[in-house]
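Chains as they are written, first to last, in the working numbering: chain A, 6 to 382; chain B, 5 to 435.
Honestly, the hints are just simulated from the structure, not real lab data.
List of simulated lysine-lysine pairs, BS3-like, C-alpha gap at most 27 Å:
| no. | chain 1 | residue 1 | chain 2 | residue 2 |
| --- | --- | --- | --- | --- |
| 1 | A | Lys-165 | A | Lys-155 |
| 2 | A | Lys-349 | B | Lys-147 |
| 3 | B | Lys-312 | B | Lys-195 |
| 4 | B | Lys-147 | A | Lys-321 |
| 5 | A | Lys-348 | B | Lys-93 |
| 6 | B | Lys-24 | B | Lys-90 |
| 7 | B | Lys-147 | A | Lys-348 |
| 8 | B | Lys-376 | A | Lys-91 |
| 9 | B | Lys-379 | A | Lys-121 |
| 10 | B | Lys-376 | A | Lys-121 |
Model, not experiment: these values are computed from the prediction.
Residues per chain are reported as follows:
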Amino acid sequence: MSALDELTELAGDLENRAVKEWKGSGKKVVGFFCTYVPEEILYAADIMPYRVAAPGCTQTTSADVYMTHLNCSFVRSCLEYAFEGKYRFLDGFVFTNSCDDIRRMSDVLRAVDPQKFLVLDVIDVPKKVDDDGIWWYHLQLAGFKEKIEKAFGVKITEPKLKKAIEVYNETRSLLRQLYDLRRADKPPITGAETMKVLRAATSIPKERFNSLMKKLLQEIKGRQPVANYRARLMISGGGGCDDPAYFDVMEQLGGLVVTDTDCFGARYFWNPVEVIEQDPLLGLARSYMERPSCARMGNRMDERIDFMKDMVKSHKVDGIVFQTIRNCQIWGGQVLAIRDEMKKADIPLLTLDREYALSGTGQLKTRIQAFLERIER
Amino acid sequence: MAEHPNVIKELGTIFSALSKNPALTPEKAQGLGLLGGLYLKAAGAHEKGEPTAWISFGIPPEIFWAMDIVPVVDLNLATISLIPGKVEKYIDLATEAVPDYICSTNRIPLGLALSGDAPLPNIWVVQNAPCDSIPGLDSAMAKYFGIPYYSVHVPYVNSPLGYEYTARDLKKMIAWVEGQTGRKLDVGRLKGAVQHSSRAHELMLKIREMAMLVPTPCSLNENRLAYTAMIQLAGTPEVVNYLQMIYDRAQDRLSGKLPYPIQEKLRIAWIYTVPTYSPGLIVDYMANEYGAISLTFMLNNMLVPPVKGDLDYEEMMLWLAQKVCNMPMTRECRGPWEVYADSALDLVQNYKADGAIFSGHTACKSNWAAAKLVKDKILEEAGVPTLNLETDFIDGRVTPGEAVRDQLIEFMALIQRNKRSREEKNQAASR
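Based on the sequences and whatever the hints tell you, model everything.
Written as C-alpha cells, this is what we have:
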C-alpha cells in the first residue's frame, strides 16, 4: 500500500486502525477541537491527541435539543456524534474558549453526563496576542499540564515535553515540505488528497504519521503531477473545513486547491514551536500565540491579511475561496476587511457561507463554476 | 451633492426633545434626556475637532470622562431603534457587507459607517468579550475604515489573577489612548469619576433591592434605561442624579406618596434582553392585559460593589477591571454556563418571579447554546417556567411583535394557572 493510500485509509474512519492499535496497547486518546490546544503536552504524557470532527454527519436531532439552528453546524455535528457514542474511544475532551459555540459544547457535555463525557479542561486562550496574553496563556498551559497529570496519574517531565515538541516540529516540517511541493506549476498532489493527509495528521499518533509522511514525500516525487486544471485555488476562512469531498467538488470542476490558510490546514502547522531549554511550556505558549492567527485574535487583523497575501504569492494562487460555516461570527465578520484588502491587491475572492455537512452540492458547484470562469488561466 | 445627516446629532436632538414631553414619566424623560445630552456632546466634540471615541459596552467610561473624551458605546447606537422606522436602513446596508448572523447591534454601527450618516470616531476601544461578533466584526471594521483600534482582554472566568490581567490591559489601553489622542489621564479627575461611578453602582444595588419588593415600586418600566445610561455615563454626576431620582420615586410609591401605575398580578423576570420594538404588543401588553409586571432584565443586574475609601491609581484600575469582568452580559455570556444559570436564578428567585422570559437575541450563540440548560435549572431549582423566545431584540422584522404576543398569551395562561395552583395549595396548607 502506498503511503498516501495508507494515510487516506487511516483518515477515513473516526476510530481508525491506528487508534485501535494505540488503545490496544493500553494507552489513552484525548479529543480536542481547536489548534490552540498544544498537543505536545498530551503527547508528552503518552496520550494521543485526536482532533474531533464529525465527517458524514447529516442530521443533528439530538444535539438540537441543547443547541439550535442558530448555532454552528460543525459544533452541532460533533455534539450529535458525541451523543451517538461515536467518540466512545476517547478518554476525555480538551476544549478552549475558541468560540462561543465550541466552549458551550463543553458546557453541554459536562451538564449532560460529566462521567461519560469527561471534560479535562477548557483552556483560556486570550483573544489578543501580546506579552501579557502570552504570560496568561503560559499560566493556563501550566494548569492544563497539571490537570492532565492528575487525571491520568502521569508525570509530564521536561525531557518528555521537549521530545514531544521535537516530534511535532518534525510533523510541521514534513507538512511544510508537502505544501512547498504544491507551489509547483504541476503539483504532485491535489487539494482533496492533501486534506486526507491532514486528517490523518490529527487522528493518528504523530510518530507513525511522520514515518508515513517521509514515505509519501518520496513516493509523490515519481507521481504523475496534476497539470490539467483551470485555476489554482486557495481555501481560507473559518474552521470546519475538514471534508475532502468539499475539495473534490472544486477539483472536479477544474479548480486545483494548492494551499489554504485554514486551521485544519496551514495554520495548524505553519510555524515550528520554539524550544526554550529552561521553560518548554513558555516556548509552546509563545509559539502557539504568535503563529498565523485565528480571527478570534482581535489585534491580528493585519497579520491575517498578510498571511493570506503571502500564501497567494508563494503558491501562485489565482483565486481565494473564503468559506465560513454559517453562524461563525468570528470569521463571518472578517469578510468585510478581507474582501476589501484582496480587492485592493487584485486577488479574486469568492465568499461561501455554508453548513458543515456537504449536502446539496448544486449551489456550491454553480458558485465555483462561475468563479472558475472568472479566474481561469 | 446632498450632505449626509449626522445620526448621532439627530439622536441627541430627538432624545432631548422627547425628554421634554410632559406625557412621559420622569424616569423615561430624564433617561432620554441623559442619552440626548450624551449624543449632543459627542456630536459637538466631533464638530470642534476634539477626539472622539467609540467603546464597547463594559469598557469603563469613567476613564474616558476623566480624559475629557466623550465615550459613545458603539452597540448602544442601537438606541436608534427607539425611533420607529430608523434602524432598518442601517441593518440592511450592513447585511450587504457581512452575513446576517452577525449581531444586529454590531451591524448598526457598520451600517451607519457605510452610509456615512455617522462621523467615525478617532479611536475605537473594545473588550474582546462576551461574544464572537466583537472580535470578528469590529477588528475587520476598524481595518476597513482605518480606525485605530484597541481590544482589552477579559479572561474566560473571573479570578483575582484575571482581574490583575485586565487591570494591566486597562493601563496599557490608557497609554494607547493618550498616544492616539494627545489627551492625558488626570488621576485626580479619575478619582472623581470613580467616586461618581461608585455612587451610581450603589444606587443600582438599592434600586435592585427596591424592585424585589412585592408589589414592586420600581419595575422595568421605570428602570429600563439605567443600563444604557450606566455603560456610557458611569463616572458622571448626571447618572447619579438620574438613578437617585428613580430610587426616590420608588420610595415615594412605597410610602404612598405616588400611586403604582398598574396593579401587579404576575411578576416577570426577563433573564436576558427585552425587545426594544412593539412595546404595546410585548411589555406593555403583558402589563395591561394580565397585570404581568416586568421587574427587570439581565442587563440591569449590575452587582458591582461600591468602592471603599480613597483608592490610589492601582486600586482604581483593579476596581475598574473587576467592573469590566462583572458587567451584565460579560459576566453571564463569556464563561461557563453555570454563571449564567446562577445569574438567571438570582433574577427569578430574588425578584420572586412567577415566570421567566429568555428573549434570546438570535445572534447570541453562546446564550442559545445554554438556553435549555438554564431553563431546566430554573424549573428544577425555583419551580418557575421559562419562555424561550427567539427574537432579534432590535429588529422587529425577525420576530414581529404580533408573533411575540401570541407566544406570550400562552405563557401568561401557564403562569396564571401555576400561580392559582400555588395559592390553592397554600390555602389548603394553612387550613
